[in-house]
Amino acid sequence: MTAGGPADRTGAPVEALELDVHLDRLLAAGDRHAGAVPADATIDPALLGAATRLHSDLIRFHPSFRFEERVAARLAALADRMHLPAAAGAVGDPVPGPLALATPAYPELDAIASGAYDPSAPEGQPVPRTVLIGGAMASAAISIAGVAYVAWRATRPPRAPMARAARAVRSDRRGTGSAAAWRRASRVVRPS
Amino acid sequence: MPRRGCNGMARAVLRNASGEPTIARLDRDRPAVEAARRDPARFEALYRKYLAQVYSYALYELGDHHAAEDATERTFLRALAALPRFEERAGADDPADASTFRVWLFRIARNAIANERRTARRRPSTSLEASLEAGLAVVDPHDVEGEAVRRDDAAAAIRAVQRLPADRRRAVVLRLVDELSTAEIAGILGRSEGAVRVLLHRALRSVARDLSRESDSNERRGVTS
Numbered sequence: 001m002t003a004g005g006p007a008d009r010t011g012a013p014v015e016a017l018e019l020d021v022h023l024d025r026l027l028a029a030g031d032r033h034a035g036a037v038p039a040d041a042t043i044d045p046a047l048l049g050a051a052t053r054l055h056s057d058l059i060r061f062h063p064s065f066r067f068e069e070r071v072a073a074r075l076a077a078l079a080d081r082m083h084l085p086a087a088a089g090a091v092g093d094p095v096p097g098p099l100a101l102a103t104p105a106y107p108e109l110d111a112i113a114s115g116a117y118d119p120s121a122p123e124g125q126p127v128p129r130t131v132l133i134g135g136a137m138a139s140a141a142i143s144i145a146g147v148a149y150v151a152w153r154a155t156r157p158p159r160a161p162m163a164r165a166a167r168a169v170r171s172d173r174r175g176t177g178s179a180a181a182w183r184r185a186s187r188v189v190r191p192s
Numbered sequence: 193m194p195r196r197g198c199n200g201m202a203r204a205v206l207r208n209a210s211g212e213p214t215i216a217r218l219d220r221d222r223p224a225v226e227a228a229r230r231d232p233a234r235f236e237a238l239y240r241k242y243l244a245q246v247y248s249y250a251l252y253e254l255g256d257h258h259a260a261e262d263a264t265e266r267t268f269l270r271a272l273a274a275l276p277r278f279e280e281r282a283g284a285d286d287p288a289d290a291s292t293f294r295v296w297l298f299r300i301a302r303n304a305i306a307n308e309r310r311t312a313r314r315r316p317s318t319s320l321e322a323s324l325e326a327g328l329a330v331v332d333p334h335d336v337e338g339e340a341v342r343r344d345d346a347a348a349a350i351r352a353v354q355r356l357p358a359d360r361r362r363a364v365v366l367r368l369v370d371e372l373s374t375a376e377i378a379g380i381l382g383r384s385e386g387a388v389r390v391l392l393h394r395a396l397r398s399v400a401r402d403l404s405r406e407s408d409s410n411e412r413r414g415v416t417s
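From first to last, the protein sequence lines are chains U and X. Numbered by my numbering, the letters in the first sequence go through residues 1 to 192 in order. Numbered by my numbering, the letters in the second sequence go through residues 193 to 417 in order.
It should be emphasised that the hints constitute simulated quantities derived from the structure, not laboratory data. If you're wondering where the values come from, they're calculated on a predicted model, not measured in any experiment. Don't take each hint at face value.
Said to hold, decoys possible - Listed next, the stretches of chain U that the computed footprint assigns to chain X, with coverage defined by at least 3 CB atoms under 8 Å from CB atoms of chain X:
| no. | region |
| --- | --- |
| 1 | 14 to 28 |
| 2 | 76 to 82 |
Stated by the list, open to error - The list that follows gives simulated cross-link-like pairs (lysine to any residue, SDA-like), each with its CA atoms no further than 20 Å apart:
| no. | chain 1 | residue 1 | chain 2 | residue 2 |
| --- | --- | --- | --- | --- |
| 3 | X | Lys241 | X | Leu275 |
| 4 | X | Lys241 | X | Ala224 |
| 5 | X | Lys241 | U | Asp110 |
| 6 | X | Lys241 | U | Ala72 |
| 7 | X | Lys241 | U | Ala105 |
| 8 | X | Lys241 | U | Met162 |
| 9 | X | Lys241 | U | Ile59 |
| 10 | X | Lys241 | U | Glu69 |
| 11 | X | Lys241 | X | Asp262 |
| 12 | X | Lys241 | X | Phe278 |
| 13 | X | Lys241 | X | Ala227 |
| 14 | X | Lys241 | U | Arg66 |
| 15 | X | Lys241 | X | Arg229 |
| 16 | X | Lys241 | X | Glu226 |
Backbone N, C-alpha and C define an ideal beta-carbon position, used for all residues, glycine too.
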């Protein structure tokens, strides 16, 4: 029977189902280099050969010991942040600190811990860009500081004599204008 | 109240929709997961248990061990941060070896690998075959001839798997390298069990064709030389 044959109740062709049962047996045999596992005669021998070959030749890799320990240390730092012991006499649950501080390379951890981002959800859910948000906040802070500086600078009397003279002339004109405006306003507001 | 079945699998008596008692198999990682929820430092046991599986999955997917390390690290850090929100969803229909924590962890790995693939395009990578060379070089230094044959066979198998379309390759690696059940792979890839069986069937058919073509050309080369 081939892949185009009658379908089982889950929609898979019969040979695919039989092959799956054979793979279960192959994996249950444990040893990757064990002898042939008894197979159903109805399955194509080429398929069985490919399954046996891949099972023995596709090895499982292990990362370096150094990498393993480095990640273990990072996980321990993160675990510390997640489970800060309550101070003596404190009331209520311990409050975890910012998780990203434990592993600065992964700023999304706080979003995960708060439930704003589910890392196991199917693709399409965007990873929160807390770094970008932080950058935007930083640039906004710089802008606010800039505006504050300009406002402060404008209220300071300039040190140069020429600038002082120009400022005096301008304030004099402004004062005249202001007095006229005040008089107009007074006329409207004041009851007759 | 959870109790142990004859195969060591935790079970619980639950009520179905009509109120009848049913036996549900529970996640075999449940004790370790609960311990890690109580004390996040105990997550280390789960990390050590699944490190090689997650790393291998990432390595076969990304083909570069630096990228695989990044994806593996990201997977476990995300899993620990999200552990308080992990929900066990083992059902009565799940197979005896089902581990919903493992499915959840591999879903996180799948997303971390996808992120890594997007960023890794911009940097040079070493080939998976080079990683294999490095990995196999220390297997058995006394059996050099056998080692060379094994290495050639493994390289041919890896080439055949690397030539598969992404979804078929993923199914083969999860089934034959990480030794997950079809139900677990279906949960990870977001497909039905039937669809996963078809993916595996087609993948093995392609690999069989590829390997026979390769051995034919090797034989021809042997005859002519």
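Exercise. Which numbered hints turn out to be false for this structure?
Worked result: 5, 7 and 8
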